[in-house]
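Single-letter residue listing:
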Amino acid sequence: MSSKKCFLCSLAKWARRKSVWLYHAPAGGLCNGCDIEIAAAITPRYDVERFGILLAPSPRHADVILVAGQMTKHSKERLLRVYQQVPEPKAVVAIGSCAISGNVFTTENYPVAGTVDQIIPVDVYVPGCPPKPEAIILGVVKAIEKLEKRTAEPT
Amino acid sequence: MYIVPLLIALAEIIIYPGLIFSILFGGIIVWLYRKVRARLQGRRGPPWYQTYADVFKLLIKETIIPLRAWKVGFIAAPMISLAALFVAVLLLPFFGKESALGFLGDAIVLLYLLTIPTFAIAFGGMASGSPYGIVGSGRETSLLVWYELPLWLSAATVFALANSISISGIIEEQALHGPFAIRLPLAFIAFLIAAQAKLAKRPFDIPHAETEIVAGPYTEYSGSLRALFELCEVFKWLAVSALTATLFLGWPVIGNPVADALIFIVKIVFFALIFAFIDIINPRLRIEQAGWPLWKIAAALALIDTIRVCMGLVI
Amino acid sequence: MKSSIVKEALKYFVNPVTEAFPAAKPYFPKKYRGPPVYDQDKCMGCTACAHVCPADAITVIEKDGKRTLEVWYGKCTFCARCEESCPADAIHLMEEFGVPSEDKLAFKSTVTHDMVKCKLCGKPFITIRHAEWIKKNLLEKMSDVVGSEEIDFFLTVCEDCRHKVENIPEFRKLLIRAAIKGGKV
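Residue numbers (the working numbering), protein chains in the order written: chain A, 59 to 213; chain B, 31 to 345; chain C, 70 to 254.
No lab work stands behind these hints, which were simulated from the structure alone. Some hints could be false.
Lysine-lysine pairs mimicking DSBU-like chemistry, simulated, CA-CA at most 30 angstroms apart [as the list claims (entries may be wrong)]:
hint, chain 1, residue 1, chain 2, residue 2
1, B, K65, A, K71
2, A, K131, C, K94
3, A, K134, A, K200
4, C, K71, B, K326
5, C, K173, A, K207
6, A, K71, C, K71
7, A, K200, C, K188
8, C, K71, C, K132
9, C, K94, A, K71
10, C, K173, A, K204
11, C, K188, A, K207
12, C, K71, A, K76
Here the structure is a predicted model, which means the values were calculated and not measured.
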């Protein structure tokens with residue numbers, strides 16, 4: 059009995075590592091530089107499909123959410139709703155300096171509503187303006203590792 | 031007394047050509063599609079176990095049922111689709127001339143069974159309660175109207191020429207006089223175009239058009255239900271390629287079931303690669319533009335071949 | 070299809086253009102803007118970079134007689150203004166990419182310097198290396214206008230104390246003369 063459980067558990071761990079579906083959720087105020095680098099990551103040059111990473115069309119199919127951009131007032135509720143629509147187990151990767159802290163858009167502006175990690179819990183931060191596609195890939199890999207650690211803990 | 035046929039039936043349902051074989055082989059076909067697509071785009075592709083990892087990962091994710099969805103329809107849709115495809119796979123001639131469940135008229139039943147997944151997806155999309163699902167379902171049903179005509183018309187020419195409506199009869203006729211791909215070339219081309227629309231691959235992948243309507247009917251599906259839809263994709267590739275191979279390329283049939291099974295598998299891979307290739311090199315058509323390849327070209331070609339068969343002008 | 074298209078498709082079929090990224094070092098184009106990194110030996114601690122940064126990514130922390138300059142990549146825009154404005158050529162945008170991490174305060178580059186304490190009020194106000202650099206440049210370029218003791222006065226008295234009129238030697242002499250004249254001895 060316990061050996062079968064271990065086999066299924068290791069199969070589950072293998073499947074979660076080999077097949078990661080990303081969803082790109084913009085957080086409102088962004089110059090689209092990070093979006094372009096995310097799109098560049100799925101081009102033939104950096105080819106993430108060989109790692110099993112796909113861009114999912116709907117948040118309900120995704121494992122890892124890539125958030126880019128500065129948190130604005132009108133995107134706050136929508137980003138929260140997208141985060142709630144993603145099924146467990148999930149991880150959030152904040153891409154670019156706008157998502158980490160706001161970059162040049164200081165927090166005293168009229169549309170700004172804090173930083174992304176004040177609204178949803180962020181797992182990995184990827185610095186850069188915009189970050190290189192390799193950095194984004196490394197960030198997704200770190201998010202997968204964190205997800206493995208979290209699902210391995212008995213809850 | 032009943033044990034041996036029961037065991038054989040169970041082996042056919044579960045091992046070959048049933049669950050285990052179809053999922054494994056279908057997974058390889060989908061992997062071939064993704065690998066060829068990647069290589070033609072100049073990149074490496076996913077490894078061979080990618081389909082299995084995708085399906086298993088989706089199975090163990092949390093399943094969320096939206097508040098506005100009609101629960102019964104939402105959960106039943108992928109199950110109905112998968113059940114219909116599974117029975118269709120059992121009807122296909124995986125043993126050369128024989129199939130696991132052969133009976134008189136099974137070719138028509140097979141074609142009807144392959145219509146059910148389309149309806150089930152449209153049904154599920156409407157049961158999701160989201161506007162993306164409704165638009166996707168509308169597009170799926172429109173596409174159904176477009177492609178059913180050339181599909182049935184070319185199948186009807188095959189039935190007429192083979193003078194039988196069961197799969198074993200069709201294969202007998204082709205084994206004796208040559209494959210229908212050569213004797214009914216126009217109907218063959220029409221069937222290829224209609225089958226591309228049935229698989230919902232480019233240029234006809236309007237229903238689940240990414241970047242246009244989020245994910246169409248699949249938008250609100252998550253977790254195990256989405257895994258079932260992924261399995262439906264796997265089975266659909268297998269079933270439609272095998273159907274094309276049965277109806278139009280039945281010719282090298284030796285008589286030895288093992289050799290015939292291997293030849294059939296090669297034919298399935300051949301047609302899967304044809305559909306994959308047409309998908310890779312084409313962009314997407316709009317729903318109102320999907321009419322001209324399907325009705326103007328494919329249905330017309332199938333009609334010409336129907337007239338030829340009725341007038342007896344075929345080899 | 071033209072034969073050139075078919076040949077090209079077949080060429081990329083067998084030889085994909087994918088970079089072997091995790092297995093090999095990534096490719097950086099020329100003039101790539103990576104994260105700015107301080108050079109501890111060259112930096113003077115003059116805080117020109119902090120003044121010029123448009124995103125306020127460089128913070129100046131003064132504690133215990135030491136000045137620490139910290140550039141945080143979480144706010145940095147990699148515009149290279151700090152590199153342009155550094156008088157000591159001590160901060161450079163490196164050719165690497167910022168490694169992602171779980172802790173957002175982990176990506177930093179810091180440099181620390183000792184400061185000079187004001188003779189009169191004891192407040193540290195300038196770093197030693199910056200003071201030495203100013204003295205060297207002034208002596209080189211303006212030795213006919215300003216002498217060494219005046220430079221030492223300016224560089225060892227903080228700006229608050231310097232602006233108090235009684236601390237300036239010439240004004241001090243003037244005040245004494247005025248006081249003597251006005252009978253306020």
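Now the hints, each set against the structure:
1. B:K65 - A:K71: holds (24 angstroms)
2. A:K131 - C:K94: With Cα atoms ~40 angstroms apart, K131 (chain A) and K94 (chain C) exceed 30 angstroms; violated.
3. A:K134 - A:K200: Holds. K134 (chain A) to K200 (chain A) sits at ~26 angstroms (cutoff 30 angstroms).
4. C:K71 - B:K326: holds (27 angstroms)
5. C:K173 - A:K207: holds (19 angstroms)
6. A:K71 - C:K71: With a Cα-Cα distance of about 47 angstroms, the restraint between K71 (chain A) and K71 (chain C) is violated, given a limit of 30 angstroms.
7. A:K200 - C:K188: Status violated; Cα separation ~52 angstroms.
8. C:K71 - C:K132: It is violated: about 72 angstroms lies between the C-alpha atoms, which goes past 30 angstroms.
9. C:K94 - A:K71: holds (28 angstroms)
10. C:K173 - A:K204: holds (15 angstroms)
11. C:K188 - A:K207: violated (57 angstroms)
12. C:K71 - A:K76: At roughly 39 angstroms apart (the allowed maximum being 30 angstroms), K76 (chain A) and K71 (chain C) break the hint.
Hints 2, 6, 7, 8, 11 and 12, counting from the list given before, are not met by this structure.
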